[in-house]
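Read top to bottom, the protein sequences are chains G and X. One rule links them: number in the working numbering = place in the first sequence (from 1) + 7. One rule links them: number in the working numbering = place in the second sequence (from 1) + 7.
Careful, some of the hints might be misleading.
Note that the list lumps identical chains together, so a pair holds whenever it fits in one copy or between two copies.
What the hints assert, rightly or not - 30 Å max Cα-Cα, derived DSS-like pairs, lysine-lysine:
hint: 1; residue 1: Lys357; residue 2: Lys262
hint: 2; residue 1: Lys307; residue 2: Lys87
hint: 3; residue 1: Lys376; residue 2: Lys357
hint: 4; residue 1: Lys93; residue 2: Lys262
hint: 5; residue 1: Lys376; residue 2: Lys307
hint: 6; residue 1: Lys307; residue 2: Lys399
Worth flagging that the hints you see were computed from the coordinates, not collected in a lab. Note that the structure is predicted; figures quoted are calculated from it, not measured.
Protein chains: 2
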Amino acid sequence: MANESGVRRALSDIRVVDFTQVIFGPSCTAQLADHGAEVIKIERPGIGDLSRQFGPYVDGESMPYASLNRNKKSLAIDLKSEEGLKAVYRLIDSADVVVSNFRQGVMETLGLGWDEVHRRNPRVIYASGSGYGSGGPIGSTRKMGHDSMAQAMTGVMHVNADSDGVPRRVPIAIADISAGNMLMEGILLALIERGNSGEGQKVEVSLIDAVLWMEAWGIATVANSSPEADHLGNPLDGGVYLATDGYLVVTGLFKPNPLQAICEVLQIDDLSQQDRFSTVDKMTENSSELESIIQSEIEKHSSEYWVPRFDAVDVLCMPVMSLDHAIEQPQVTHNQMIVEVPHGTHSGTKPQRHVGIPVKLGTTPGEIKTPAPDIGANSHEVLASLGYSDTKIAEMVASGVVGIN
Amino acid sequence: MANESGVRRALSDIRVVDFTQVIFGPSCTAQLADHGAEVIKIERPGIGDLSRQFGPYVDGESMPYASLNRNKKSLAIDLKSEEGLKAVYRLIDSADVVVSNFRQGVMETLGLGWDEVHRRNPRVIYASGSGYGSGGPIGSTRKMGHDSMAQAMTGVMHVNADSDGVPRRVPIAIADISAGNMLMEGILLALIERGNSGEGQKVEVSLIDAVLWMEAWGIATVANSSPEADHLGNPLDGGVYLATDGYLVVTGLFKPNPLQAICEVLQIDDLSQQDRFSTVDKMTENSSELESIIQSEIEKHSSEYWVPRFDAVDVLCMPVMSLDHAIEQPQVTHNQMIVEVPHGTHSGTKPQRHVGIPVKLGTTPGEIKTPAPDIGANSHEVLASLGYSDTKIAEMVASGVVGIN
Chain G
8 MANESGVRRA LSDIRVVDFT QVIFGPSCTA QLADHGAEVI KIERPGIGDL SRQFGPYVDG
68 ESMPYASLNR NKKSLAIDLK SEEGLKAVYR LIDSADVVVS NFRQGVMETL GLGWDEVHRR
128 NPRVIYASGS GYGSGGPIGS TRKMGHDSMA QAMTGVMHVN ADSDGVPRRV PIAIADISAG
188 NMLMEGILLA LIERGNSGEG QKVEVSLIDA VLWMEAWGIA TVANSSPEAD HLGNPLDGGV
248 YLATDGYLVV TGLFKPNPLQ AICEVLQIDD LSQQDRFSTV DKMTENSSEL ESIIQSEIEK
308 HSSEYWVPRF DAVDVLCMPV MSLDHAIEQP QVTHNQMIVE VPHGTHSGTK PQRHVGIPVK
368 LGTTPGEIKT PAPDIGANSH EVLASLGYSD TKIAEMVASG VVGIN
Chain X
8 MANESGVRRA LSDIRVVDFT QVIFGPSCTA QLADHGAEVI KIERPGIGDL SRQFGPYVDG
68 ESMPYASLNR NKKSLAIDLK SEEGLKAVYR LIDSADVVVS NFRQGVMETL GLGWDEVHRR
128 NPRVIYASGS GYGSGGPIGS TRKMGHDSMA QAMTGVMHVN ADSDGVPRRV PIAIADISAG
188 NMLMEGILLA LIERGNSGEG QKVEVSLIDA VLWMEAWGIA TVANSSPEAD HLGNPLDGGV
248 YLATDGYLVV TGLFKPNPLQ AICEVLQIDD LSQQDRFSTV DKMTENSSEL ESIIQSEIEK
308 HSSEYWVPRF DAVDVLCMPV MSLDHAIEQP QVTHNQMIVE VPHGTHSGTK PQRHVGIPVK
368 LGTTPGEIKT PAPDIGANSH EVLASLGYSD TKIAEMVASG VVGIN
């Protein structure tokens, strides 16, 4: 359970064979690796993870790729060759978890479907990420999953429409990442269950199911009340106002009369005493009036003025930050959420900065030890650990079955 | 490991003492309960979970509350009374997991901080959800966490700005739910680790850290390249077009020349041959031209016409759906993502429909057995299981220490 530095990791004795690429799958296996699992990324020789095609590039390396593949090893191997598949079978025989997020049917066509893998190694947890599920009218087709499709199908783009009514995608990969988190959950649940039964099982998570889970409150509303009910607002929940130095968000909730407290901070008469603002429904009905009164006060001062004053009456207030400013906040630094990842194979360059580890464990904290590997960076090491001789590995490289970097 | 129906659940032998409320914490403990853990929700007599204050109400029950509290038990008990606290200590002595998402310092003030709980029961996993982390300039204050604050602090509202430049909150609780997923991950990691060490540990996840993880790609870009690089678009990634029956989203990625394939479907000349659209950078530069050419074709037909034609060339296309339509899709039904939850204590009413279980386990699937409890619905049962006599329980109810429903 203890690694070379003597600190135990939660998953130190877990070996993962990782067929994932782009965001969904890699965001899951990155977390497995951060918490100590040995994650062996299977890549196509020469091409590798599709996310390597996305810029920006630093020293020739894709930054998006680098962000979600730290701590992993790369075995570049041709799964369509008999020899390549045989080596991967050997790897699976020694593994605890197999993860993939190919489109429907690809793993089966490669000879790596659940039936085959489970037959070979009944202890393996077999986790599949998909766009739409593994059956059903869309899930049973070969349609590729994508964050944009999941956002369209689940009402997210609709409810995030621009003020002119045109639907808009939420510009972060909420479907991919939440599904990646849930695939991680499923693998951990199955590992716990295996501790009791000794058997692995299948784990499936789709992009659309993960987003629907995010919408639990909205679903409860539209499925049991009225479709419109989901769009009811509360102007005190996340109101956006322009201060002298930029935008602020103000949220007054969870107290008897938040509007009174807001007026106290604004040093204006208590608007909650006026009939038009006396209930949440009335505030919503008259929201543009209310917002313009609040705006005309907020614009007199800076966020530095307002935030502590709202804090003092327990109304939430925060400047709206762009991502480049967000990552420089002292709180983010304190949380170690932007970390230096040592750069691996490209010598003489600076360490990269990437997202840290959000799940904080007290005794067995996660750790970032190694940068994202080049394609095939660990091919030799992994094959040697499976009993392949140097000569044999050299032959496989020469014949193009294995890539070495 | 097997419950009354003979089906094993992954967490059948795990007891959780659940101090959470609203979305973040309950979305975590709902998943623990769905996968078989006994989750005992601690509520304030008479008031209960703050989410009970949010409508719409059906038969007097808050639908938001109902969505994330199925499968749980409710013990209504006054934590500020000596007797109430003593009962909760007894419960913790028998528990595997303690979860909370109060603001900073509340658990400690109640006598339920990590030091006290760990001293009493070293096997307990102690999971805390917070807004900002447990230290640092904001995390060390008593400032309450909220989804809107997390979205403001992490660049999400900024990048989701309206076309007029005003920042906008993503109108679903992406911070709460992704943090809830990660708190679940942390608890499962700690359970796995306890299987090796026999010791519980502290688990911490904050709203802002969970959102930063969602932004891994964006962070990789702005932290290593240029702040502007995060805003680079690709008009073929999630373009929104109006068809005769509503909006569509079109995504052409992961193939050598998606624009050529799109033009083939539109039955127009191959735009990728024109210099102004010949690279992703040029398409981005000339995106309004490109989008208006595509729009002028899409508007001639319905989504029923377009989707299969784009499918045939492996370009992704999907109608943009509102949530009320989204939940009626056959694929969503197939995935069992909208499920009937039996209504509990309000007799004679229809079963409610709520979000299903997104993490699909093959051998030990999750299950929804019971509806969300009324405040104190299980007070008697839980106290009796701790050895309290009926007389003693009646006294505690009479003195207001315990609520019974």
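Taking the hints in turn, this is what the structure says about them:
1. Lys357 <-> Lys262: For lysine 357 and lysine 262, the Cα distance exceeds 30 Å both inside one copy (49 Å) and across copies (33 Å).
2. Lys307 <-> Lys87: Neither: 66 Å inside a chain and 43 Å across chains, both beyond 30 Å.
3. Lys376 <-> Lys357: within (16 Å within a copy, 54 Å between copies)
4. Lys93 <-> Lys262: Between copies only: 29 Å across, 63 Å inside.
5. Lys376 <-> Lys307: Intra 49 Å, inter 55 Å, cutoff 30 Å: neither.
6. Lys307 <-> Lys399: This pair counts as neither: shortest intra-copy Cα distance 74 Å, inter-copy 60 Å.
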